[in-house]
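**Student:** Quick mapping for you: the protein sequence lines, in order, are chains A, B, C and D. Following my numbering, the numbering of the first sequence begins with 1 at its first residue and continues without gaps. Following my numbering, the numbering of the second sequence begins with 1001 at its first residue and continues without gaps. Following my numbering, the numbering of the third sequence begins with 2001 at its first residue and continues without gaps. Following my numbering, the numbering of the fourth sequence begins with 3001 at its first residue and continues without gaps.
Read the hints as simulated data drawn from the structure, not as lab findings. Source: prediction; values computed, not measured. Even for Gly, the Cβ is constructed at its ideal location relative to N, Cα and C.
So the derived list for chain C, only partly shown, Cβ under 8 Å to chain A, looks like this:
| id | residue |
| --- | --- |
| 1 | L2019 |
| 2 | T2026 |
| 3 | I2039 |
| 4 | E2090 |
| 5 | K2107 |
| 6 | R2108 |
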Amino acid sequence: MSHDNSSPSFFQHHFHDVEQQYETSKFGMWAFILTEVLTFAGLFVAYIVYRSWYPDMFVGVHKLLDVNKGLLNTVVLITSSLTMALAIWAIQKNLKKLSIFMLTATFVFALAFLGVKYQEYHHKYEVGQLPGKYYSYMGPEVVEVIKDQEKIDYYTSSNNVYFDAETNRLYKTMNNPHIFFSIYFVMTGLHGLHVAIGMGLIAWLIYSTARGNIHQKYYTPMEMIGIFWHLVDLIWIYLFPLFYLIG
Amino acid sequence: MFDWLTEFFFPKQVSTFASDIDNLFYFIFYSSLVLFLIVVIGMVYLSIRYRARKDEPLRLTSSKDHSNLLESLFFIIPLILVSITFVWGIRSYLKMVIVPDDAIEIKVTGVSWFWTFDYPDGGQTLNELVVPSNTPVKLVLSSKDVLHSFFIPVMRSKMDCLPNRYNVMWFDATKEGVYDIFCTEYCGTGHSAMGAQVIVMKPAQYEEWASELGADDDSIPLDELGARLYTQKACNTCHTQDGSALVGPSFLQTSQMYEQERVFDDGTSTVIDDNYVRSSILEPQTQIVAGYQGVMPTYQGLLNDRELDALIAYIKSLNGDSQI
Amino acid sequence: MSDHHITPLRTYLIIASCLFFLSGVTVWVSYIDLGSFNIVLAMLVATVKASLVAFFFMHLLWDDKKNLVLFLMSLMFFGIFVVITMIDTEFRGALGFNPETKNPITKRASFYGQLPLTDTHGYPVDSHDDIHHGDDDHH
Amino acid sequence: MIENEKQNYLTHPKGIMSWLLTLDHKRIGLMYLVSGILFFFMGGLLALGMRLELAAPGNDFISNEQYNNIYTLHGAIMIFLFIIPAIPGALGNILLPLMVGAKDVAFPRLNLASFYIYSFGALFALYTIINGGVDTGWTFYTPYSTQSSSNVVPMTLGIFIIGFSSILTGLNFIATVHKMRIPGLTWYKLPLFVWALYGTSLVQITATPVLAITMVLLMLERFLGIGIFDPALGGDPVLYQHFFWFYSHPAVYIMILPAFGIISEIIPVHSRKKIWGYKFIAYSTLSIAFIGFLVWGHHMFTSGQSVFSQIVFSFITYFVGIPTGVKIFSWILTMYKGQVSFTPPMIYALSFLFLFTIGGLTGIFLGAVALDIHLHDTYFVVAHFHYVMQGGTIVAFLGGLHHWWPKSFGTMYNQTIANICAFGVFLGFNGTFFPQFLLGLRGMPRRYATYSDQFVELHSYSTFWSGILGFSIFFAIVNLFWSFVKKNKVDPGSNPWGGMSLEWTHTSSPPHPHNFETDPVFEHGPYDYDKVIVEKTYKK
Ligand code: HEA
Ligand code: HEA
Ligand code: CUA
Ligand SMILES: [Cu+2]
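The following block holds chain A by itself, in its conformation from the complex (with noise of 0.2 Å):
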């Protein structure tokens, strides 16, 4: 252990050497990163448990969602890892503009996400596909209007129909259309939420590395977040076919 004076800035005294630190925040940040996949593990349970009770349910009221969004924004975070990743190569080369531009990429790839899913959002919003409660779309693709008699009777044994004695009218509906929006909601929420923390963070390490705290021979802040801004995008690469594709 030397208490030399020559020992750079960013190392912290109660490590040997700075390899020891190096390779103590990259594990520590695995920990973190499998507290992150169970923090979505239970949410994905929820998920699975749903899905095969109601399989109809989130067969039918999947289309509901915009694939063509959910593509773009797919695009859009692989792009964004990418950068992350090139944002490193270049740090670690020493080509700091480039590293800042890559970062700055990153972020705005970021807002892009989150500009396509607040559109996603928005347009929930408006026609009523809330999760809970406060879900009241009753829109053709979740109601069926049954006028055929023998059809009529066929449903009338089982429970997720009824009938409207003013239309004198039997209509089904899919069992529960809004626990999949709630299951969507907190999904993609959390996952957003992430995406706007791994934001803050990107901004500060184009502050950090334009100040020169970051460089080649310490990057390991860049590094860790680069292992976070990962995480997100492979919790999104699940969520993507789970909501938008299974048919």
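With chain A held as given, fit chains B, C and D with the ligands onto it using these hints.
**Tutor:** Relative to chain A, chains B, C and D with the ligands alone:
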């Protein structure tokens, strides 16, 4: 040999599988007792045998820190014991879940904070489960509001009541008598008062009872019937007759305030009269007395007209000097 | 820190193109009806993508293996959570034990009864009758 | 002697800010200790209130609502504010870096942050109390918790926040154990307390995130009615129980593993004997931590989960008992051919063995599904978990405090009083909780504010002894802190029990602000009583 112990540890055995479960208990109990004694005697013996004597100098101690024989015993003995326990436990458990085909089926519904029982031939009781002895009885349980749990200690059986789902339990009572039922899942203020009784009758007696169920008894005067309903229909879990407020206002107060203004939590008010009391019982959520919470369940469908009148008459009668 | 592994630029670009390509593949495949195999395939592709991200972008391939162990541990505990929970949720009322415990008493939440049967533009649902929509759980 | 002038972390640096902003793990540990004990007293007083109400049937002392609030707060405070965060937070923080020879934990700032997050979460809990309490039970079962008009949201929010503090502590400890050990201190040379903290931390970082998300879903259920747990909205209350117990069963091992670690230190040191079966104890820690994740459904034996899962859960539950048994037997055999002295820590350790064995074995009764159907939610369960938590964890915690007190704070308590209090705790505890086993077997349900006459005798017996228990615990802790007032300082080099791990042999008491004045060198294992004689040095 276990007789006195049974009295000591458990309530009476009344269901067919109760003795099975008690025996499982005794098996685990005695094996645990042996293990526990090994632990305690070992600990006491070793600590005293190897205690540091007064003024004994510090010395290097033995380096013995393992013994293959002992270590394998640590695994093998518990393994054997838990295997027996597992097989035994599952066999008894299967007896408790496999309902005999000829069981009579009674629907049990938990409502905060009382129980209703619906019998196969129609008819309903409140807080009183009547069953024939030596006949398998299947209970189909559910709840109107929150979780409850239906526990009959003498039957050694218990099952949660879930809203919007059925659970099943069964028993075959072997001895006639009246036994306690408890609610064992926390369900709010009245949880500890959510008791009921199971009355086990001889089958013939049960038949007779069941055929009379639902028939009105017009001979009792109204207020007397009301007084009886007051406990039968579990009003007493929430309303007292002595003026002290429990979950709901005391009936004495209601009675004294007849013809006076009752103020509700939304600021409106009404004069207390028979109509008001009637709607308080049937639609309790529409007008909630200021200072109380809207937790009273609706009695729609649980009381017939005569019973309603009886309760009203009874509430009015509480105020001794109502002639003024 | 100059002695750390530096991934060549080429690797990053190749991995990114793979990711784009695979994203296209899942979307394309989702339009083909493969029955329950759709979801298996989608998850398979997602897992390949996720592994690429983890191993290359997140450097797990070159890192201390302890980090990989932590990551795999998180997946293992996730697996435990899912599998053991489903031992309950999939088997209620199954195996011949008390079938009445299997399903909820009413499947549909009660508030649907109060919703107006109009879409959000106020048109009655009937007016959409001409629009084709998929049949689901009957027959 | 000049030695007395030595710097130590308690007096150097000075000033209130140096405490509030400290990054020193020992100071953070002390702050955890003080706040933990305050919450313990608070929870304990609530418990005594409860016992007073239960001394006789009827509502003579407090109303049903008050009782329900009190038992919920008692459970929630004891678990979420005291034993989960405060025991690793206090003893773990103070000792872990010393034991691995590090100058601090891996991430000192995170450590301080974790303490502040804990305090912040605790504020919500205090707000809950001031604002009228919460009445759902510490398990917050839906749908009652989505309907109750009491302060469910502040309390769950507090628990959510405290969860993060617990995660950060765990993360920090894991990184410390992996990366901060001095050269030569290999895994098998670590003191077993370090292994125990390592196992605890693994459980903390894997299980706690699920608690966090469960609490979020519960709050959303209240705000938005998302319908995942609420049956009125199409949800499933049993699913909530899966979520809750996926955390809360492993959490009982967060509570007990540090206690196991403490016992693994106390017994060899006070018996001056190499610990029996080092590797078995170390690995059983990990296997308990792992198996603990597979058995949560044993809390749901009457919930109506599938028969298949009942059987699976019952089966796996038994297997937690086997590694635990290995530990118990190894501790006992450790004394074989040793030199046992009956110091206060040792008395606590022996009473731990007695009490925890009862608690653990009754866990096996509960694991047998047929029997648990009778016992579930009765006082048998209450007795079981007090035997493991209070008789296990708290007794071990008290033992640990007595063991490391002179080390951590450089003062010595009155050992005679300590011994008397230790006996008082043992007797009072058994008197309070043993009758509850009988109550449970006879069918007394838990969470009851009033009860029928048949249970009076046992209940009043239990209440009587709980007073003695309360007094003993109170004076045991006062006796410890009294040593500050009495300025009963020990010699800085002192090692009163002759411990062999780094914290005893290589640093002063209380330790230097940077832990070690010179870099510690690994010389002998923590339990090498067969190779080296370490003198008991205790002056003054
Ligand atoms: C410190 C906390 C702690 C610990 C360590 C334990 C340890 C164990 N617990 Fe306990 N438990 C709780 C805290 C704890 N528990 C709490 C708080 C609750 C109630 C929650 C609530 O509802 O509010 C609870 C409830 C609870 C239940 C649910 C009861 C119910 O609600 O119906 C069950 C059921 O299986 C159970 C089982 C066990 C088992 C098998 C162990 C095992 O780990 C015990 C292992 C130990 C031994 C077995 C003893 C030593 C071993 C030997 C001497 C060797 C020989 C062994 C064999 C032959 C097996 N516990
Ligand atoms: C670490 C956990 C822990 C600890 C240490 C305790 C300690 C105690 N507990 Fe607690 N208990 C729980 C965790 C714990 N409990 C939990 C989780 C529940 C379940 C809650 C639920 O159902 O939701 C519970 C429930 C519970 C019940 C059942 C309530 C019910 O179901 O209706 C009872 C009843 O007797 C009880 C009693 C006690 C007593 C007498 C103590 C005593 O050991 C306390 C002793 C300590 C002190 C007394 C404090 C120190 C002394 C002073 C501050 C000085 C002042 C006092 C005097 C001078 C006399 N507890
Ligand atoms: Cu109903 Cu408790
Ligand atoms: Cu458990």
